[in-house]
Structures are given as structure tokens and as C-alpha cells.
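K.L.:
Model the full structure from these sequences, guided by the hints.
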Amino acid sequence: MDETLILLKSLINGTYAEAFNGVKNVQNGVEMGKMWENHILQICDDYFFYEQIENCNQPYLDVMREYDDGLNLSGYDFHHDGFGPPFDDVNKRKLAYRHRVIAQKYKKGLHNIIDQDMVKSWEILYDSTDRYTDRWLSSARGCLEHCAAGNTDLIPPIDSTHRSNCARTGCDHVNVLVTSGSLIPSLAKCLLFRLDDLIACENVYSSWEVGKLQCFSWIRDRFSRPNVQFCVVGDGWEECEAAEAMRWPFVKVDPWSTSYHRFPGLTLKDLDLYRSVVYGNPEGENEE
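In this note's numbering, the protein residues as written are 13 to 300.
These aren't lab readings, by the way, just hints derived from the structure by calculation. Fair warning: this is a prediction, and the values are worked out from it, not measured in the lab. Among the hints, a few may not be true.
[What the hints assert, rightly or not] Keeping only pairs whose Cα atoms sit at most 25 Å apart, straight-line, the calculated SDA-like set for lysine to any residue is: (1) K21 x N187; (2) K21 x G45; (3) K21 x G82.
[Claimed, not checked] Taking CB as the label site, the calculated pair distances span: (4) G96 x N37: 42 to 50 Å; (5) E63 x V290: 42 to 50 Å; (6) E43 x T279: 25 to 33 Å; (7) G87 x N37: 49 to 57 Å; (8) G87 x S140: 15 to 23 Å; (9) G87 x E66: 24 to 32 Å.
Note that CB positions come from ideal geometry on N, CA and C, so glycine has one too.
P.N.:
What follows is the structure, encoded as C-alpha cells:
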């Protein structure tokens, strides 16, 4: 996510602007990055129970599904239910409740959970950041849109063994996010950077505790069926090594202004070229 679909760290530390050799105002980028940080923390704390579950990072939301008994949570008091250590089955169920509510809010979209003043502030920040980064945000989103084009169902369910028969969903292309950040802030970033309609909350994985290779293995097993093809896009060494271990094509995104593999610039055609090196592209073959 970071430095691939969005720019955050390189805005805050000034390295994005510095790569343009004085063309861009470094301090403007730093201020934008800090404003994004504040928005992310506000979403996490005000809507995603982050103060309560910060130390309970999980690799994906559905990991607690087996502990969720389906209780109606409309009148549930999340502030006084005694959630906390030890991390036993009782508290795993309470964490599962929180994950369920987070998923529901994510699916509603940010416009439906924050007030109008914050919506206005967020939209202004998004547009100004997009202009400052020469449309990095909107072009990265556009690439995801092209990747997901034609889908009617993007979300094979995750069961206890992380496996699903994707054939019954009718999906052709699925965007899956694997981030080294913790799960809850990453979900908030998806909402704030307008990626939530292209990356379902069930398709967001945090490698913070388990590593990218483990996440890739879960994803491979979850989507396992004939003719499934994967392509990894990222900026770091860990996803590169994990993709190599899985024998998946890897496209390295480089935020430097002279790089070809960056946004704007990286297209679905580029990804297809990398994919075809590994999988080939036989005429008339049905692919996912």
C-alpha cells in the first residue's frame, strides 16, 4: 500500500519532494502527510475501536470469524464489555464483534460514517495531494479500476482453512492488498484514499505479525483453482522475495520522478507483460 498505491511515508519525511530537485516544495508535502496521519488516526480511534484493539493486530478481519456467535450488536456496549487481556476465547469473541462492526462500517463507505465537515476537509486534502503528486493517487486508483474491470463479485469468502472455490463467484479479476502496516489503520487508509470500492475489506491482509510470504500463501490457497494467475505490485524487498518464492511475477514500483514504474505511468498493459513472462498468454485461454 504505502509508496505503491498511496504516498505517505515519503511525504512525511520529504523524500518524495526531494526527488524532484527543488521543483516541489518539501514542506508542503510534509504538512500534507501529517494531515493524512491525523485523519487516519481519527478514523481509527473514533470509528474502528483502535484504542481498544491496537495491541490485538490480526492478519485479516475474518480471522476471528469462528468466535463470532452472531449476537445482535445494535444495543451492544463496546465501552463497558470488559474487553482486554487475557486474550482468551471470551475476549476473542469480543474482538470478533469489533471486527464485524468495522467491516460493516467499511462497506458503508466513508461518506456514511463521518460528518460533513470532515468530508469536506478530507476531499480538499485528497485533491490537493493528488495535484501535488502529479495525480499519483487518482492514477493508482485508475489502475485498480482497470484491473477489476468486468467483475460482478470480488470477494470469495474466507473459511477456517482459507480456501474457497472461486469458480462459484463468477469473478475474473480481484484486487488484494497485502500491507506491512497493521490491519486497522490500513483499512482506514483504504477508505481515506478512495480504494474501498476496489479493495474489499475481506481482501486486506496485514503482514505485520506474519510476514508477506505467509499472507501470499493464504491468498494462493484461498483463490486456488485451475488457471488462476497472480501478479504482485510493490516497492519493497519483502514482497519481491515472497513473490519469487511463490513464483509469481513482481512489478517494482519506484516513486522517483525518473522511474517508469510509478503512478502515473504504470498500466494494466505493463502488468500483463510481467504476468505473461511467468504464465504465458496462449490465445483463447480462460484466465483469472
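K.L.:
Each hint: holds or not?
P.N.:
Outcome of the hint check:
no.	hint	result
1	K21 x N187	holds (23 Å)
2	K21 x G45	holds (7 Å)
3	K21 x G82	violated (38 Å)
4	G96 x N37: 42 to 50 Å	holds (45 Å)
5	E63 x V290: 42 to 50 Å	holds (44 Å)
6	E43 x T279: 25 to 33 Å	holds (31 Å)
7	G87 x N37: 49 to 57 Å	holds (50 Å)
8	G87 x S140: 15 to 23 Å	violated (41 Å)
9	G87 x E66: 24 to 32 Å	holds (25 Å)
Going through the hint list in order, the structure does not satisfy hints 3 and 8.
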